[in-house]
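Trainee: Next come the chains, spelled out residue by residue.
There are 2 protein chains.
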Amino acid sequence: MLKTYSMFDDILQRDQHAVAKGTILKSEGEESHSRMYVAGGWLAASKSLEDGEQQIIEFILPGETYDPTATDGKTSFLQIEALCDAVIVSIDKTSWAQLLRQDPELRKSERQREIAAQARQSERMLRLGRASAETRIAYVLIELCIRVSRQGTGFDSEFHVPFGQQQLGDFTGLSSVHVCRTLRRLNRAGVIRTGDHMDILIKDQHALAELAQVDIAALRDEITTDAA
Amino acid sequence: MLKTYSMFDDILQRDQHAVAKGTILKSEGEESHSRMYVAGGWLAASKSLEDGEQQIIEFILPGETYDPTATDGKTSFLQIEALCDAVIVSIDKTSWAQLLRQDPELRKSERQREIAAQARQSERMLRLGRASAETRIAYVLIELCIRVSRQGTGFDSEFHVPFGQQQLGDFTGLSSVHVCRTLRRLNRAGVIRTGDHMDILIKDQHALAELAQVDIAALRDEITTDAA
DNA sequence: CGTTCAGTTGAGTTGCTTCAACCCGTGTGG
DNA sequence: CCACACGGGTTGAAGCAACTCAACTGAACG
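Read top to bottom, the protein sequences are chains A and B. When we follow this note's numbering, the leftmost residue of the first sequence carries the number 193, and every step to the right adds one. When we follow this note's numbering, the leftmost residue of the second sequence carries the number 193, and every step to the right adds one.
Any given hint might turn out to be false.
A pair holds if it fits inside one copy or across any two, identical chains being indistinguishable in the list.
Capping the alpha-carbon separation at 20 angstroms, the derived lysine to any residue pairs in SDA-like fashion look like this [said to hold, decoys possible]:
(1) Lys300 x Thr267
(2) Lys300 x Glu242
(3) Lys266 x Ser301
(4) Lys300 x Gly382
(5) Lys285 x Val340
(6) Lys285 x Glu302
Derived by calculation from the structure, the hints in this document are not laboratory data.
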């Protein structure tokens, strides 16, 4: 992670720019010719139905890159939005190709990241299609916790996510009302404790993993790129 | 497609082998060191919850390749099953890397296929999380129709899928009973006609697209790799 | 000619949604 | 400093879409 970061140093100097919370960096169907590197802040990649229903497909965290360019090489197939104030570097297609060519390490680590993203997405689809609200919420809390506390061996058990229950619903395919109810139930059961502004404390990791129907250690290996 | 196919000719001669319908080619967590090329038949890539609920993540059609190997480089993160009698070629990691190195065309077309798969998956997640049973079923019929009739400009409007309503449910996150009801409703409304053994005839393409909340032409470009 | 398996249909249940009210912390203008 | 509006979270009540369970049909097959 840190190693990869340093590879962008020269680009970081030149092309990084700050974006405010709520900024839409790319819309569905809009022109797209570049990969974005997130130097700070969280992004959400989402799709919407005509009736306005939104589904968040992926969160993009600091240190990760993402390219929403479709097969036509010209347009974005999903919408990218800043969930909080963020710092983004745009790397155009040819520069990116050059970076990959120059640096086999980068190529390999980006490949790993793609596989990890694919594994995460599969886990989510499974629960989106087949699991209860409780399982979906428990799972997403664990996934986010792992991704946030990627440094160190740790499952930090306490973390913060820079968005609200509405977005958690858009990610898990639930209404914000039901997200709220489910979170409250987990609170009352003593499994988690939620603080102000989406601070999450996992009080009973074992119980949460049970609810999420997941093995935390195995999941960490699967959805993470850090060699242990 | 045909062009890509010819690239595998030498390998096809050597290493292809037939598998019977229902064969599990890879299980979750099982050893996996190779990419598979599907010379004939359909595969399903799926994940299961502990309680046995299954979600099909992707169908793999003839002419496509797939590699379920996780970030550890050793195990598969999902299950691969033959939906009908099929012919598979296993290409080990190093051979595949060599093929990609030798042939920039192959590398490019595989990259395109990955992007198309990602776009399809996003469309499905959107509907899995946010759309009604009717929309999900309508969408999957259109997606499959496009993928099946990829040759030619055509939306063939009539096609066959080699699996039952149960699997359609596992793909759309619905019970087989509800798949049946929804299909019947579409039949009665005159939008489609279903024949024996999952033969599908799309009678009213426009109405189906409306239900699926999708623009067929745009979708074809997005989820397909054939330059028009 | 019985068995099996996929699809079909009805009846009853339930988990999640929608709608609506209310609370509370924050920002804002008189 | 208070009044007010505003947005996010919380809770209750009511509705409904999809689920489960169970029975039946019909085609395929030995």
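Trainee: Each hint: holds or not?
Mentor: Now for the hints, and whether the structure bears them out:
For a Cα distance limit of 20 angstroms, the shortest separation of Lys300 from Thr267 across copies, 18 angstroms, qualifies, whereas the shortest one inside one copy, 26 angstroms, does not. In this homomeric assembly, Lys300 and Glu242 never come within 20 angstroms of each other (Cα to Cα): the closest approach is 38 angstroms inside a single copy and 33 angstroms across copies. Taking CA atoms no more than 20 angstroms apart as the test, Lys266 paired with Ser301 passes between copies only; the shortest distance there is 16 angstroms, against 25 angstroms inside one copy. Taking the closest pair of Cα atoms, Lys300 and Gly382 never come within 20 angstroms of each other, the shortest separation being 41 angstroms inside a single copy and 51 angstroms across copies.
When the C-alpha separation of Lys285 and Val340 is checked against a cutoff of 20 angstroms, the pair qualifies neither within a copy, at 28 angstroms, nor between copies, at 31 angstroms. For a Cα distance limit of 20 angstroms, the shortest separation of Lys285 from Glu302 qualifies both inside one copy, at 15 angstroms, and across copies, at 17 angstroms.
Of the hints listed earlier, those the structure fails to meet are numbers 2, 4 and 5, in rising order.
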